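First to last, the sequence lines map onto chains A and B. Count along the first sequence from 1, add 1, and you get the number used in the working numbering. Count along the second sequence from 1, add 291, and you get the number used in the working numbering.
Source of the hints: derived by calculation from the structure; they are not laboratory data. Careful, some of the hints might be misleading.
As the list claims (entries may be wrong) - Subject to a maximum C-alpha distance of 27 Å in a straight line, what follows is the list of computed DSS-like cross-link-like pairs (lysine-lysine): (1) Lys255(A) to Lys719(B); (2) Lys486(B) to Lys458(B); (3) Lys154(A) to Lys219(A); (4) Lys469(B) to Lys514(B); (5) Lys693(B) to Lys469(B); (6) Lys38(A) to Lys719(B); (7) Lys342(B) to Lys514(B); (8) Lys114(A) to Lys670(B); (9) Lys479(B) to Lys514(B); (10) Lys114(A) to Lys693(B); (11) Lys114(A) to Lys719(B); (12) Lys327(B) to Lys342(B).
As the structure is a computational prediction, the values presented were derived from the model and not from experiment.
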Amino acid sequence: MISAGIDMGTQRVKVVILKDNQIIAQNQQFSGFEPTKAAEQAFQEALQNAKLSREDIQHVTATGTGVEMATFADSTISMMGADARAGAYFFSSARTVIDVGAEEARAVRCDEKGVMLDFVVNARCAAGAGTFIEAMARALEVELDDMGSLSLKAERASPINASCVIFAESDVVSLIHREEPKTEIARAIFDAIAERISSMVLRLGINPDIVLVGGVAKDAGFVASLKRRLGTEILIPEEPLYAGAVGAALIAAKRAGRRQ
Amino acid sequence: MASEIEVGSKYIPEMAQNEIEELRSSIKAASIKAIKENLERMKKTWPNRPKTMEYFDEISNFFGQREKEIREQKEAGKKLIGYSCMFAPIELILAAGAIPVRIGSGWYDAAKLGDRIMPVEVCPVIRSTVGAKMVNLSPYLELSDAIITPLTCDGRTKLSEILSDYKPVWYMTPPRVKDDPQSLTLWKEEMRVIKGKIEELTGTKITRKKLKSAIEVMQRATKAFRRLQDLRKGPPVIMGRDAMLVTQTSLWDAIERWTQKTDELCDELEKRVEQKNWACSPDTPRVMVTGTPMLWPDSWKVPNLIEESNPQGVLVADEQCSGDRILYDPVGVDEWTMRDMFNAVSERYLMASTCPCFTSEHGNEDRVNWLMDRIKEYKVDGVIYYVVRGCILYAMEYARIKRILDRMGLPVYYLDTEYTREDVGQMKTRIEAFLEMLESRIDI
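Okay, chain A solo, but in the shape it has when bound (with noise of 0.2 Å):
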């Protein structure tokens, strides 16, 4: 049983493919202006680590913001439902999965098998989300992946009243001119973005165990404020990102499986 899963998020498309349930590839492009030219790329170059060919896929899955533009795919399936669906895959004492990309963060709650539950939102606001790191680092004149490790040196955290990427930019310019230190500065961002995630899962209460995929999942600063402001332990797959990826392919494969 061959399936694929692609996932058509806002910044990068990602593919993997599955044989009887196991990675064998996975592939990432930007998304660009063309996301179906990127998944179509993402799929081909994962096709061809795999050596396999189109018609050896049984089924593939498509997800994500962009899941329309995938005009490739037999089936759809939402994100959170992704999202539960790989969860329970990565690590099966999975109850509740959170998920942080570049423009929207989710949580759901699901069950052993990866059966989404309930599940809250976080959009319209970018300000728990990939992107409001990024607008930081350059607000900060630093590196998007150095951010992480400079909040980690900090011993307490900057005010600021992050609610808004808009204001939270002039708050950190302001910090600047006191000559706060960035580490300090860094600290109060990724705690900033903790709050508010944090706040979005308390809405579906706390059940452990607690997984963290997507893009930002892998940003130890981040997870680092994360766990702090949840109380509890966190499991982090090897390859977040893919994790909405991987969630389409396992649906995928039981799509399969109930056609034949």
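Take the given structure of chain A and dock chain B to it, following the hints.
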């Protein structure tokens, strides 16, 4: 001095006549388009839609036959009495020979006009109603000789003040607690005042005979409505949007004709039940909506998304003053004396309401009970809790309702939106995920 503050309009800014004309014609065109699109979408979802629905399609056009009919009746001397919410006593209006019509606005584009007077934090239902008035958009509001404005939520309270720039406005103050001994006394006094005003405007004394006949007209409407509702308890023989449209047109249609047409629709649907001719698969997740009223045509946004989603959902019931609450409760009369009938009308409008403007130490238990009963009767799989930004009372009651539904093990999703078409993508993602969840529960 009163005379100094009462010069000119209180709220409405001066607008040039040509600007009013331009805005009205563009919003009217958008509205006609929205009505047409909604109907096409409803037909697409339900290809086998019965011909008896066409009557309601016609009445759903705010600028069609019904407007013409009301104009003609007004020319013949009838009065039109508008009302802003469901506490207005329809039976008293009918008994005086006047035409009742609800005036709340579901036009998204009109809400933008309301922004000129009110901040965006104000509920868009209110902003839109004011916006519609600014450009004389709603024929029913324009033709109203007076408007009954029950002071329920904060939005409606100030809405009446704003509308009084244009029209005679008759306030009604419902008590916020139903069970206190003085509540009903106060409410009956409010009713008595309104009755006097209706009689004065129409020049018609509401006699025992006239009131009895009006109560019976509305009881027959309730009977037809309940017949339609009973059909929604089984496998889906009508799509939710179509049932919603039928119910909502009762707010401005001639009620006796509406009753007859609803009965005709039910005749057809009952036949279909025998033939097992369903509107969609009997496995379709059954959804209930509760919260802010969803007013025709633009606020069909969420119902459209639910019933066109993949996986699909079907709306089987609601707890909204734009839907099942309109006609569910009949006026219950013991003896057909004037006193008994008047008391029965008063009680019906206060006690049967499940509006979140009420409060009690048991936490607005009438609304909770209504929801729980419907969920069981209509075999609801999940609830969409629909709130437009600024609808504070519904937003605040969510935590209370969520806790009850959690205890019942029933999924509920809080869907917050605005009078805008721009969030359709986000709404769609969430609704799909919710329906996917309901579907996987049904599978298990």
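Okay, the hints, checked on the actual structure:
1. Lys255(A) to Lys719(B): holds, 24 Å
2. Lys486(B) to Lys458(B): holds, 18 Å
3. Lys154(A) to Lys219(A): OK: lysine 154(A) and lysine 219(A) at ~17 Å, within 27 Å.
4. Lys469(B) to Lys514(B): Given pair lysine 469(B), lysine 514(B) holds - Cα atoms ~26 Å apart, limit 27 Å.
5. Lys693(B) to Lys469(B): Holds, because 23 Å separates the two Cα atoms, which is no more than 27 Å.
6. Lys38(A) to Lys719(B): Answer holds: lysine 38(A) to lysine 719(B) is near 24 Å, not above 27 Å.
7. Lys342(B) to Lys514(B): Between lysine 342(B) and lysine 514(B) the Cα gap is close to 22 Å, so the pair holds against 27 Å.
8. Lys114(A) to Lys670(B): holds, 26 Å
9. Lys479(B) to Lys514(B): Roughly 26 Å between the alpha carbons, so the hint for lysine 479(B) and lysine 514(B) holds.
10. Lys114(A) to Lys693(B): OK: lysine 114(A) and lysine 693(B) at ~25 Å, within 27 Å.
11. Lys114(A) to Lys719(B): holds, 25 Å
12. Lys327(B) to Lys342(B): Holds, at roughly 16 Å.
In the structure shown, no violation is registered for any of the earlier numbered hints.
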